[in-house]
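Note that the protein sequences, when read in sequence, are chains Y and F.
Start counting the first sequence at 1; every next residue gets the next number (my numbering).
Start counting the second sequence at 1; every next residue gets the next number (my numbering).
If you are wondering where the hints come from, they were derived from the structure by calculation, not from laboratory data.
Just so you know, not all the hints are guaranteed correct.
Distance condition first, Cα-Cα at most 25 Å in a straight line; then the derived DSS-like pairs of lysine-lysine [to be verified]:
#: 1; chain 1: Y; residue 1: K45; chain 2: Y; residue 2: K31
#: 2; chain 1: Y; residue 1: K24; chain 2: F; residue 2: K92
#: 3; chain 1: F; residue 1: K23; chain 2: Y; residue 2: K17
#: 4; chain 1: Y; residue 1: K24; chain 2: F; residue 2: K45
#: 5; chain 1: F; residue 1: K24; chain 2: F; residue 2: K45
#: 6; chain 1: F; residue 1: K45; chain 2: Y; residue 2: K92
2 protein chains.
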Amino acid sequence: MIKVVAQFFIKSGEVEKALILGKKLVLDTRKENGCVSYELCQSLKDDANIAFIEEWENQAALDAHFQTPHFTDLVPRILALTEQETVITAFKKVE
Amino acid sequence: MIKVVAQFFIKSGEVEKALILGKKLVLDTRKENGCVSYELCQSLKDDANIAFIEEWENQAALDAHFQTPHFTDLVPRILALTEQETVITAFKKVE
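In isolation and in its complexed conformation, chain Y is listed as follows:
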């Protein structure tokens, strides 16, 4: 099992647009094989900090995700709305 936290820091004024793209990404991604959970979240302290918190069955499923049309279309469009470097970390579960 692989957990992923992908944090995007969106430009002021572009947050609603990023959320629309993010919601579409969630709905398409949840249909993928090997996607255990995939949630779009928003920081309680900073609306412009949005994150995908994800769980995948294995690395192969995650690698396949990166090749999907919804990923290759939507993620660059979200990245274009960011104002700071995106922070993406993949984790294994220890406990």
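Given chain Y's structure and the hints, the job is docking chain F onto it.
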């Protein structure tokens, strides 16, 4: 529902000690009221980057967590093993 991602960056040579403390924190925390899930994770690319990925029923449950004996004992002991600022973000689920 509140999601929390708490990322700790542990000093080289102290990772095993941090994981032992973290596992104890997980086991005690999962017994708390309002704790939906609480997982200790480790970056696939950097063993020293460990994270708690959490889900709580509401803010009151999370606030109560900060007052528990296991939190007030174990978290400072983990923080003492870090070499960079800890990054803790609380999120609401958008989708």
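Assess, step by step, whether the Cα of K23(F) is no farther than 25 Å from the Cα of K17(Y), and give holds or violated.
-> violated, 39 Å
Do the alpha carbons of K45(Y) and K31(Y) lie within 25 Å of each other, as the hint requires?
-> Given that 25 Å is the threshold and the Cα spacing comes to 31 Å, the pair is violated.
CA of K24(Y) to CA of K92(F), is that 25 Å or under?
-> It holds: about 18 Å lies between the C-alpha atoms, which stays within 25 Å.
Are K24(F) and K45(F) close enough, with their CA atoms no more than 25 Å apart?
-> Holds, at about 24 Å.
Measure nothing beyond the straight line between the CA atoms of K45(F) and K92(Y); if it is 25 Å or shorter, mark the hint as holding.
-> holds, 10 Å
Quick one, are K24(Y) and K45(F) close enough, alpha carbons at most 25 Å?
-> Roughly 29 Å separates the two Cα atoms, so the pair is violated.
Violated hints, in rising order: 1, 3 and 4; the structure is consistent with all others.
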